[in-house]
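Listed below, chain by chain, are the residues.
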Amino acid sequence: MDWLTTLRLRLRSLLFRKQLDRDLDDEMRFHLEMMRAAGGDVRRFGNATRWKETSRNLFTFAWLESLLQDLQYAVRTMRRSPGFTFVAVMSLALGIGANTAIFSLFDAVLLKTLPVQSPERLVIVKQTVKGHKSPWSYPLYQDIARSQQVFSGMLVSTHPDVGSLEAGKLHACLASGNYFEVLGVNAMAGRAFSNSDESSPVAVISFGFWERQYGRDPAAVGKKLVIDGSPVEIIGVTPREFFGEEPGEAPDIWLPIWMQPQINTANMLNSRGWGWLEMMGRLKPGISESQALAALNVDLNHALLETERPAAYRVELEPGARGLASLRDRFSKPLRVLMTVVFLVLLIACSNVANLLLARATVRRKEIGVRLALGAGRGRVVRQLLTESILLAAMGAILGLFLANLGGSILLQLVSTSDSPVTIALQPDARILLFTSVTALLTGILFGLAPALQATKTEVQPALVRDRPRQRLSKSLIIAQVALSLILLTSAGLLVRSLQNLKGADAGFRRDRVFSVSIRVNQRDRTPAAWTALHDRVYWQLNAIPGVLSASLDLCGLLTECARTSGIRVPGRIAEAGHEEQVRVLQVSPNYFQTVGMQIAAGRGFEAGDRQGAPGVVVVNQTLARYYFPGQEAVGKRLFLGEAVNPVEVVGVVKDAKLDGMRDDAPRLLFQSYVQIPGHFYSAEVRTAPEAAGVVSAARKVIEADRTLEVRGIRTLTEQLEETLVPERMMAKLASFFGALALLLAAVGLYGTMSYAVARRTNEIGIRMAVGAGRGDVVWMVLREVALLATIGLALGVPAALAAGRMLQSYLFGLNPGDPLTLLVAAAVLSSVVAIAGFLPARRAAAIDPMTALRME
Amino acid sequence: MGKNQGELVQGTLDMLILRTLNRGPMHGYGIAQFIQQISEDVLRVEEGSLYPALHRLELQGVIEAEWGQSENNRRAKFYRLTARGHKQLADEKVNWMRLAGAIARVMEGA
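Protein chains in written order, with my numbering: chain S, 21 to 877; chain E, 384 to 493.
FYI, nobody ran anything at the bench for these hints, they're computed from the structure.
Hints are not guaranteed to be accurate.
[To be verified] Lysine-lysine pairs mimicking DSSO-like chemistry, simulated, CA-CA at most 30 Å apart:
#1 S:K523 with S:K675
#2 E:K460 with S:K523
#3 S:K386 with S:K353
#4 E:K460 with S:K38
#5 S:K72 with E:K460
#6 S:K386 with S:K304
[What the hints assert, rightly or not] Pair by pair, the computed Cβ-Cβ distance ranges are:
#7 E:A487 with S:R492: 27 to 37 Å
#8 S:D45 with E:P408: 56 to 66 Å
#9 E:E475 with S:R49: 28 to 38 Å
#10 S:L469 with E:P408: 44 to 54 Å
#11 E:P408 with S:T26: 39 to 49 Å
#12 E:A485 with S:R492: 48 to 58 Å
#13 E:N405 with S:N67: 28 to 38 Å
#14 S:T80 with E:E475: 19 to 29 Å
[Stated by the list, open to error] Output of the computed footprint for chain E on chain S, the stretches with three or more beta carbons under 8 Å from beta carbons of chain E:
#15 48-56
#16 249-261
Idealized CB from N, CA, C, for every residue including glycine.
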């Protein structure tokens, strides 16, 4: 068929409807006149109206017309029962909105590719040391960028916060000069910086910052900003959709890397010791990731040979189309769990609406019967009913989008920490709209199809018989809702209790009133004597601050990812051949244990006598003691660290502490004192007296009095712990919210269905009461049915909830996936809500006046 | 007289229309007259049923239509074959002959 001709003719008919009608009229009138003129029998023409109708339908988009009809009809039906429409649309809006909101986040974090040129050619280049990720130093990046042959360009970047005289604190991206060139992003106003700007103080600002600070004034390009005391010139604005190379970061300003010495106190551009950059590369055409990997490892080894560094360093590659991965690594599993949760909520909402539709089909039986009797095909009526349900879903989707938009900022707060806010544009874009539309369409069909088929079943059966399958479907839906709600409530309970357990568990150190100060030492090549001097000065001054009970410096801090390991040899213990055993080593100030509240289990802590020149001493934790000296007294034992020829003596054992986070078992850990082994430090722990004020600023002043030290952040250990728990917190909060939502939806659904059931049985109830049934009997009759449905639902829900618990296992802490108490509480909550939702219609049933009920018929 | 006598086999109306228009452009009334004359009134259709068929063919692009003056100076819609129409007619003719021949042989054998 020549579809172009068809389309042309149909479009013409669509545009010139009247013309089409007139033409058809004229054509047939001409024929009839000719017949009459010839003396023919005009009856032989047949029914002119019918022929016209048939032809008209040929020329128009028949389905479009009938769709419009269906829609008009659907709107009329909805307006006739506003209560039903309200409940149905709200249910769907909550279900679809929840899905849209979580999907927006899921999409932004896990699916979306960077808004740059051919993102699929980007790879993330990571440096690892013995499997641990290690950021790149700038000289090493330069070496590799010069020697490599596999990338058309390589960039490095990092995301510091900077202060601006004009706009306060800004989130910045400090990036190599070729950053925009490698990503293939152009400025939307002005120009992007490039290597040809080398050493000039320039900056590119984000669309958002441009809008916020300059009201999108084109004259912003060329203006000066003072960033951390140095003036920079704005040379361009990035496109609106560009958020940089790492989802969630969304910098306000991009600064070229040669600005680094201006925004930090120390120049890190020439230091090989400082790893602080993330690297990405754009593969040359024809080069595969594995080819690039092999070549880069060679380049890295070459670069490291020059500096005589151990060859434990490797390159690892990851696809970079979706940008740098910190957010993705953290939230990919929680977001998957949440997608499942909101999907279940949507299912509950669907069965809710399906049930309401079923109940309404009872009321509409006469109307549907009339349509069928008048000759409408069953398919036609089903289509009409489906149009109604899809219209409901569409209204739900629109409202849902609105709700999702409201929820978006709350979601972002849940994944953010005070230290690293997550900034993602969650405005609905084409992808989100597509997701929501498809969801709505499928939802509409899902909840609409069964009731529509039920409602149009053959009409020959007597009414009473016909009602039975409808009731069965309706009851199954209630059972399903109860079961699904139980899954969600149990999961929420498990997650909430795990979070409480995590927060309340004994970490082996005290968290209240202890500040952890993260310190950057910007000069690391010091003599031992200089380290000792630096340590002693900071140590004594911190301890002298009024309100400080005790303060201590240490190598890593607590709940950080920092760790140093050392080889260990224990006399009398034979290590596996070629396998050196490793322990974690933490250098601390003498009063460390007292400051963080680690308890000495045996022996002693460090003392004033443990100084340089005195016999080497270490304190070990219980795990190490048990591992190397099982069943023995560890205190007094000797061991060798690294390549040392002199042994050190274990003078004390401290109780195990969870340095790495609540879920990790304590590592084999050994402490050394700075007083005996001088060296650098990254952290200070400060314990304060209750009500102590001004300690934080005083500590900062003490540390920054030395020009080479920089305070990177001060937080309480409680805050630090909470930040390690952000995914758990997000899951617990959202799961509870959606659990409550599920409960509400299920309650509304049950209430609605039972109300209809009671309304339908008014007559029967009237008869029962007329022949002597008391009000109590009637209430019990209705409640018995509710109880039966709830019991079946719970029975089916328990194994499903147990299975769900097992899937959540890795998020649980301090309780089993099948924790009976959680399950019991969830079941109890669910049962009481169901009972209330069932009692209201039951009471209404009992209030039926037998006489009125009987007269109704 | 049987009710079905002279009724058209589904689809043959299209073929008859194409065959008629093969002689030149014609309006609906003319097509109906021609079919009746040629078939000596054996093939009878409700004449109105011609129009949905004409319009379907027009949509398929095998015939095209134009308003013009009839022989008695009335406004009438004239149909004529397109290139595709000529080709379709040729194809259908071959098919029909083969089918008709086959049926004839079967019936004569009975």
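Next on the checklist: K460 (chain E) and K523 (chain S) were given as a pair; does the straight-line alpha-carbon distance stay at or below 30 Å?
Outcome noted: 86 Å, violated
Checklist entry - Between K72 (chain S) and K460 (chain E), is the straight-line Cα distance small enough, at 30 Å or below? => result Satisfied, since the Cα-Cα distance of roughly 15 Å is no more than 30 Å.
Checklist entry - If you draw a straight line from the CA of K386 (chain S) to the CA of K353 (chain S), is it 30 Å or shorter? => result 51 Å, violated
Checklist entry - Under the criterion that the straight-line Cα-Cα distance not exceed 30 Å, is the pair K460 (chain E), K38 (chain S) satisfied? => result Holds, at about 17 Å.
Next on the checklist: The hint says 19 to 29 Å between T80 (chain S) and E475 (chain E); measuring C-beta to C-beta, is that right?
Outcome noted: The hinted range 19 to 29 Å holds for T80 (chain S) and E475 (chain E), with Cβ atoms some 28 Å apart.
Checklist entry - Do the beta carbons of A487 (chain E) and R492 (chain S) sit within 27 to 37 Å of each other? => result 60 Å, violated
Item to check | Holds or violated: K523 (chain S) to K675 (chain S), with C-alpha atoms at most 30 Å apart | outcome: 19 Å, holds
Next on the checklist: Checking one constraint from the list: CA of K386 (chain S) to CA of K304 (chain S), max 30 Å. Satisfied?
Outcome noted: 70 Å, violated
Next on the checklist: If you count the residues of the segment 249-261 of chain S with a beta-carbon closer than 8 Å to a beta-carbon of chain E, do you get 3 or more?
Outcome noted: It is violated, with 0 qualifying residues against the three required.
Item to check | Beta-carbon spacing of P408 (chain E) to T26 (chain S) - inside the hinted bounds 39 to 49 Å or not | outcome: 21 Å, violated
Checklist entry - Is the gap between the beta carbons of A485 (chain E) and R492 (chain S) within 48 to 58 Å? => result Given range 48 to 58 Å: holds, Cβ gap about 56 Å.
Item to check | Distance restraint evaluation - E475 (chain E), R49 (chain S), Cβ atoms, bounds 28 to 38 Å | outcome: 31 Å, holds
In this structure, the earlier hints numbered 2, 3, 6, 7, 8, 11 and 16 are contradicted, and the remaining ones agree with it.
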